[in-house]
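**Student:** In case you want the letters, here they are:
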Amino acid sequence: DQQVKQNSPSLSVQEGRISILNCDYTNSMFDYFLWYKKYPAEGPTFLISISSIKDKNEDGRFTVFLNKSAKHLSLHIVPSQPGDSAVYFCAARWGTSYGKLTFGQGTILTVHP
Amino acid sequence: GAVVSQHPSWVICKSGTSVKIECRSLDFQATTMFWYRQFPKQSLMLMATSNEGSKATYEQGVEKDKFLINHASLTLSTLTVTSAHPEDSSFYICSAGSHDNSPLHFGNGTRLTVT
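For the protein sequence lines, the chains are A and B, in the order given. Numbering of the first sequence is given in our numbering, commencing with residue 1 and proceeding in unit increments. Numbering of the second sequence is given in our numbering, commencing with residue 114 and proceeding in unit increments.
With the rest of the complex left out, here is chain B (with noise of 0.2 Å):
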């Protein structure tokens, strides 16, 4: 079964609302979780890393202020995309870990389409 919940797994919202996706771990708790997101016919790459209970910290080119990580329990981790645009429709996809040379479990990710 699905150790990575990931909730919703779609939504369309209009141009300049927010969004907030949340990422949960089942089974294990997860001090850290990995925010991933692959646009059309591209590869994952990985956005930003969630650390519980401190700042995430973010990939290069990566607009921290646009996308909210909040990680304030040992099992949830949220994304919220302010003030969405069209060009941040994309696949959006958290990812953890129970340990740390474990492979990542991946969520069944959001699809994200700004009209």
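Bound conformation, chain A alone (with noise of 0.2 Å):
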């Protein structure tokens, strides 16, 4: 039972766009979810993160959106550059279990200069 799910294996942006990279999640008892960025052979990169009881939260190029009605989050990238290029994963996890996350199964970002 896949509770977080990224539907999209790759993305293909040109430098300068947005990317806007989307993820989905069944378990309405998720209350934190987290972006991570990974390269090959490197563990995840923490990028931004967002609570339950917010829908959006901003870090320089990076913002999350959160729908909980739709159980849906979506992380934009603006303006997009080549090194953003790398595998991204969402995460979520609830209450005390801080540390058990649930990933979804990332998607390949591609930006191209």
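Calculated from the structure, these hints are not laboratory results. Since we're looking at a predicted model, the values are computed, not measured. The C-beta atom is built at its ideal place from N, Cα and C for all residues, glycine as well. Treat the hints with caution; some may be incorrect.
Unchecked claim - Footprint (simulated), chain A over chain B, 3 or more residues, beta carbon under 8 Å:
(1) 117-128
(2) 154-162
(3) 217-228
Got two chains here, separate frames each, mind docking them using the hints?
**Tutor:** Pasting the structure below:
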């Protein structure tokens, strides 16, 4: 049972444009969501997070939107840069299980110069 | 800089041998660390929670006798894959957080190949 889903395995974007990465979840108990960026043979690097009490969180070029009614979150990267090319994972957790992250399958983002 | 260090970054071993992977928190004390595994083209899956000074808790389907976890200090957790088999070949990643509400920091992972 995949509780966190990233239905797009890959995304290709031109440099300078917006990248939108999507994530859906099924478990309504999730109350905290995170986005991680991962390069091959490395561990994930934390990017940005959002609590379920918010619907938007912004950090520089990265913005995460949360739609609780739709159980959907998205990561916007504006403007996209070639160095953003990586695998992006959304993850979710709930309550006291702060370390137990449920990850999506990941989306490979390629930003073309 | 990296706040969680993992060693080795890759290891090749023969079937039937055991492999130990170390995970250290560099800038903070971690009473709890987490071990994840990622098979090719799949997501990261939590294997177990490592608790300092007590037994680890394992996720469903993970054999505790095969994946031995020791968390002897506040900055070090080890995962030992015992009697490794080719199907254990995977990317193993540890993580830790400095406090309950902080995002987890991940190590760089260990690529295990069992021949």
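**Student:** Take the hints in turn and mark each one as holding or not.
**Tutor:** Hint check results:
no.: 1; hint: 117-128; verdict: holds (count 4)
no.: 2; hint: 154-162; verdict: holds (count 6)
no.: 3; hint: 217-228; verdict: holds (count 7)
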